[in-house]
Amino acid sequence: DAMVIQNPRYQVTQFGKPVTLSCSQTLNHNVMYWYQQKSSQAPKLLFHYYDKDFNNEADTPDNFQSRRPNTSFCFLDIRSPGLGDAAMYLCATSRDIGANSPLHFGNGTRLTVT
Amino acid sequence: GENVEQHPSTLSVQEGDSAVIKCTYSDSASNYFPWYKQELGKRPQLIIDIRSNVGEKKDQRIAVTLNKTAKHFSLHITETQPEDSAVYFCAASGEWNQGGKLIFGQGTELSVKP
Chain A
3 DAMVIQNPRY QVTQFGKPVT LSCSQTLNHN VMYWYQQKSS QAPKLLFHYY
53 DKDFNNEADT PDNFQSRRPN TSFCFLDIRS PGLGDAAMYL CATSRDIGAN
103 SPLHFGNGTR LTVT
Chain B
244 GENVEQHPST LSVQEGDSAV IKCTYSDSAS NYFPWYKQEL GKRPQLIIDI
294 RSNVGEKKDQ RIAVTLNKTA KHFSLHITET QPEDSAVYFC AASGEWNQGG
344 KLIFGQGTEL SVKP
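Going down the list, the sequences are from chains A and B. Each position in the first sequence, counted from 1, maps to that position plus 2 in my numbering. Each position in the second sequence, counted from 1, maps to that position plus 243 in my numbering.
By construction, these hints were calculated from the structure, which means they are not laboratory data. Fair warning: there could be bad hints in the mix.
Stated by the list, open to error - Just so you have them, the derived chain A footprint on chain B, three or more residues with Cβ under 8 Å: (1) 260-271; (2) 309-319.
What the hints assert, rightly or not - Okay, derived cross-link-like pairs now, EDC-like style, lysine to aspartate or glutamate, Cα gap no bigger than 16 Å in a straight line: (3) B/LYS356 with B/GLU326; (4) B/LYS311 with B/GLU258; (5) B/LYS356 with B/GLU322; (6) B/LYS311 with B/GLU245; (7) A/LYS46 with B/GLU299; (8) B/LYS265 with B/GLU352; (9) A/LYS40 with B/GLU282; (10) B/LYS311 with B/ASP292; (11) A/LYS46 with B/GLU248; (12) B/LYS314 with B/ASP270; (13) B/LYS285 with B/GLU352; (14) A/LYS40 with B/GLU352.
Because the structure is a prediction, the values reported are computed rather than measured. The C-beta atom is built at its ideal place from N, Cα and C for all residues, glycine as well.
Extracted from the complex, chain A is given alone in its bound form:
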């Protein structure tokens, strides 16, 4: 009954080699988010899409990009992964932003950079 699906669950990439993580949703939610979570830390918001409108967090490195070709899919592109980018990447969706719209998380993609 997974409603936010992330692929792959585990991804290994080499230092500097571009990598793309994918997320799809069956909830038809307006908002899709990408969070980065490092060990024992809170999820950190990288950016979100409200429909087609892209919203970047001020401290998200330029190395991170995102695409949302349609309502159901959203991609996270890391152009030149560094060792510090190794983390769990969580995709989430919500119907809207704010008090009546809880986040629904995917199972995450754990990225290893060698």
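We have chain A already, so just place chain B on it with the hints.
For chain B alone, kept in the frame of chain A given last:
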């Protein structure tokens, strides 16, 4: 912007005891306060939430209280069980037109000892 502080960072209790986790927030415009439970290697899952027009909400063994004046909210788990062991994150957000993205606390690792 919003800042959420969460305490304690780790909490160990005996099975059957109660556990309390506290969070404070900085933005008085925040009006939505969810709590997420994240088991090891899994995605965060919403366990309870409260909106600013309510002071307390209960769901079986879990309750959340909100003090808007003091800008703090707490998670209470009674009759703890080993399966309650996980990392718990509080979060706060406002309405979307007020920049209402979800901001997480740093997390509390709860360990329930049989």
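*asked:* Tell me if the straight-line CA distance from B/LYS311 to B/GLU258 falls inside 16 Å.
replied: Roughly 31 Å separates the two Cα atoms, so the pair is violated.
*asked:* Check the hint pairing B/LYS311 with B/GLU245 against an upper bound of 16 Å on the C-alpha distance.
replied: holds, 14 Å
*Measure nothing beyond the straight line between the CA atoms of B/LYS314 and B/ASP270; if it is 16 Å or shorter, mark the hint as holding.*
holds, 8 Å
_Need the status of pair B/LYS265, B/GLU352: alpha-carbon distance at most 16 Å?_
holds, 13 Å
*Assess, step by step, whether the Cα of B/LYS356 is no farther than 16 Å from the Cα of B/GLU322, and give holds or violated.*
holds, 12 Å
_Distance restraint between B/LYS285 and B/GLU352, which requires alpha-carbon spacing of 16 Å or less_ = Given that 16 Å is the threshold and the Cα spacing comes to 14 Å, the pair holds.
*Three-residue Cβ test at 8 Å for the coverage of the stretch 309-319 of chain B by chain A*: violated (count 0)
*With a cut-off of 16 Å on the C-alpha distance, tell me whether A/LYS46 and B/GLU299 pass.*
Judged against 16 Å, a Cα distance of about 28 Å means the pair is violated.
*Hinted pair B/LYS311 and B/ASP292, Cα distance within 16 Å*: holds, 15 Å
*Taking only the CA atoms, is the gap from A/LYS46 to B/GLU248 under or equal to 16 Å?*
holds, 14 Å
*Could you grab the alpha-carbon distance between B/LYS356 and B/GLU326 and see if it respects the 16 Å cut-off?*
holds, 10 Å
*Agreement of A/LYS40 and B/GLU352 with the hint, judged by alpha carbon distance not exceeding 16 Å*: Holds - the C-alpha atoms of B/GLU352 and A/LYS40 are around 15 Å apart, at most 16 Å.
Consistency note: the structure conflicts with the earlier hints numbered 1, 2, 4, 7.
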